[in-house]
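Enquirer: Protein chains in written order, with the numbering used here: chain U, 100 to 286; chain F, 184 to 416.
Read the hints as simulated data drawn from the structure, not as lab findings. Mixed in with the good hints, there may be bad ones.
[Claimed, not checked] In silico DSS-like links for lysine-lysine, alpha-carbon gap of 27 Å or less:
| no. | chain 1 | residue 1 | chain 2 | residue 2 |
| --- | --- | --- | --- | --- |
| 1 | F | LYS279 | F | LYS386 |
| 2 | U | LYS225 | F | LYS386 |
| 3 | U | LYS204 | U | LYS169 |
| 4 | F | LYS255 | U | LYS225 |
| 5 | F | LYS276 | U | LYS169 |
| 6 | F | LYS279 | U | LYS223 |
| 7 | F | LYS276 | U | LYS223 |
| 8 | F | LYS386 | U | LYS247 |
| 9 | F | LYS386 | U | LYS246 |
| 10 | F | LYS276 | U | LYS225 |
| 11 | U | LYS225 | U | LYS204 |
| 12 | F | LYS255 | U | LYS223 |
| 13 | F | LYS386 | U | LYS194 |
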Amino acid sequence: MLVPKQVVFLILFAGLWTPRLAVAQASDQKLTDMMLDCTMHETGGPWVDAGLRSDGLLRFSYLHELPKAKPDPEDDHFQSADNLYAAFWNPSNTKANFLHFTLRKTTGRNWLTISNVGWISFSKGKIDFEIFQGGVWTYDHYRVRVKKLVRAPVQTASIPGIKHTGALCDSLTHPVLNEQTRPSEKK
Amino acid sequence: MSVINGRYYANPQYGRALERARAANAESRRVHGEEQPSWLDHFLGLVGPPSPPLPPHPTPPRAAPEAYDDAKVNVLRVRQIANIVANENRDVKPGKSSPQELQRAKIAQAHAIINADRKYGTQRDDVVGTAPKTVTGALASSEQYKQSLDAARTAFQQQLAGQDPIGGRMWFNHRNNADTGARHLGHEQVGVFEQFGPFQLGKHTRYTIIDENPKYMPKPKGKKCLSQNRSCF
């Protein structure tokens, strides 16, 4: 029996992509584990308001943006960093804490810095958003991401089940500034 | 033969002493005014026409406004600080406030950026992130950019003179209402140090806020500003 070429191609194509999807999913799982770990266990935290997690659950949506392959050193720092944006929602998804994480690697360890914080709510059907650090440009940068976070699927995690991942966590209120462990910036 | 203050002296020690006396006399005349001749001088006809008054004390030449534009604070140059201020305040207009109030807000933000650069250097973007250090051509040629450049120059020169109106604070933002309440940052409440405005951004009201610094402020390890071409404080 002859198998149509398209079917062969599809089988080969699926075979090529299945392991990559699995890796991506594992990678996503690791990323969210680290993010939840730092959100709850970082020295300056927990970074989600008590009112949003009073039932022992975290409801979150996230957006991961990899650094540009060839970032322009003169351009914005977001392009050269591995950025993770997250919103932690209340049960009715009408109010959230916004966190911006910067990801780096240092001597084999993942390093997550909570770089900025914001507050999302809805007023007359429109997004009301405030950030802790930055003016017009920074606000616009985050606002585009917040719109995506509003549309992204919301996942849940049980707070007692959030484990320590071994990632190094710091934040804008408790930055780790040890030059020896801090990855050097090649800009 | 020695030349002292443009005069020739065979004995340099004598010349120096004489020139010191001349200078002291000139200073005394400048401070107390010219010595008035006595009645005897007038009687003997020794008083000539009055000598012209000494010129006022010269003022040191002022630096040109652009003199510091390439000076470095730590990692950032003054012009880059101006660019950040321009990006973070793009199209913000005085609205109900005076243009001076908006300029004060820009100067305060320039101070905040300077303070963060001094504190964190290359790590500033990770914990006190701001807009890019470059501006578009359209913004660079605008009047609002000139105001941002003025703000950065003013803040830099104030810091050089040991003045910082925001006392080392680093975080700023724009709120869309007059609320000056503290904000939860993790388990910490961070209050407002100063509010500017109200300003106008399109149809929206904006207030510029300089926040208090969070309580825990680590000291960066290792010395910065070692490079010769940096004008560190």
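Enquirer: Now tell me, hint by hint, if it's right for this structure.
Expert: Going through the hints against the structure:
Of the pairs offered as hints, the one joining F:LYS279 and F:LYS386 holds, with about 13 Å between alpha carbons and a cut-off of 27 Å not exceeded. Between U:LYS225 and F:LYS386 the alpha-carbon distance is near 15 Å, which keeps this suggested pair within the 27 Å criterion. For a cut-off of 27 Å, the pair hint linking U:LYS204 to U:LYS169 stands: about 18 Å separates their Cα positions. Between F:LYS255 and U:LYS225 the CA atoms are separated by roughly 42 Å; this puts the pair beyond 27 Å, and the hint is violated.
Under the criterion of a C-alpha separation no larger than 27 Å, the hint pairing F:LYS276 with U:LYS169 is inconsistent with the structure, at around 36 Å. Under the criterion of a C-alpha separation no larger than 27 Å, the hint pairing F:LYS279 with U:LYS223 is consistent with the structure, at around 26 Å. In summary, the hint linking F:LYS276 to U:LYS223 is supported, as the alpha carbons are separated by about 26 Å, within the 27 Å threshold. A threshold of 27 Å between alpha carbons decides the hint, and for F:LYS386 with U:LYS247 the separation of about 24 Å falls inside it, so the pair holds.
Between F:LYS386 and U:LYS246 the CA atoms are separated by roughly 20 Å; this keeps the pair inside 27 Å, and the hint holds. As the CA atoms of F:LYS276 and U:LYS225 are separated by approximately 24 Å, the hinted pair is consistent with the 27 Å bound. Taking the CA atoms of U:LYS225 and U:LYS204, the gap is about 37 Å. The hint is violated against a cut of 27 Å. A threshold of 27 Å between alpha carbons decides the hint, and for F:LYS255 with U:LYS223 the separation of about 47 Å lies outside it, so the pair is violated.
Distance restraint check for F:LYS386 and U:LYS194: the Cα-Cα separation of roughly 24 Å lies within the 27 Å cut-off, and the hinted pair is therefore satisfied.
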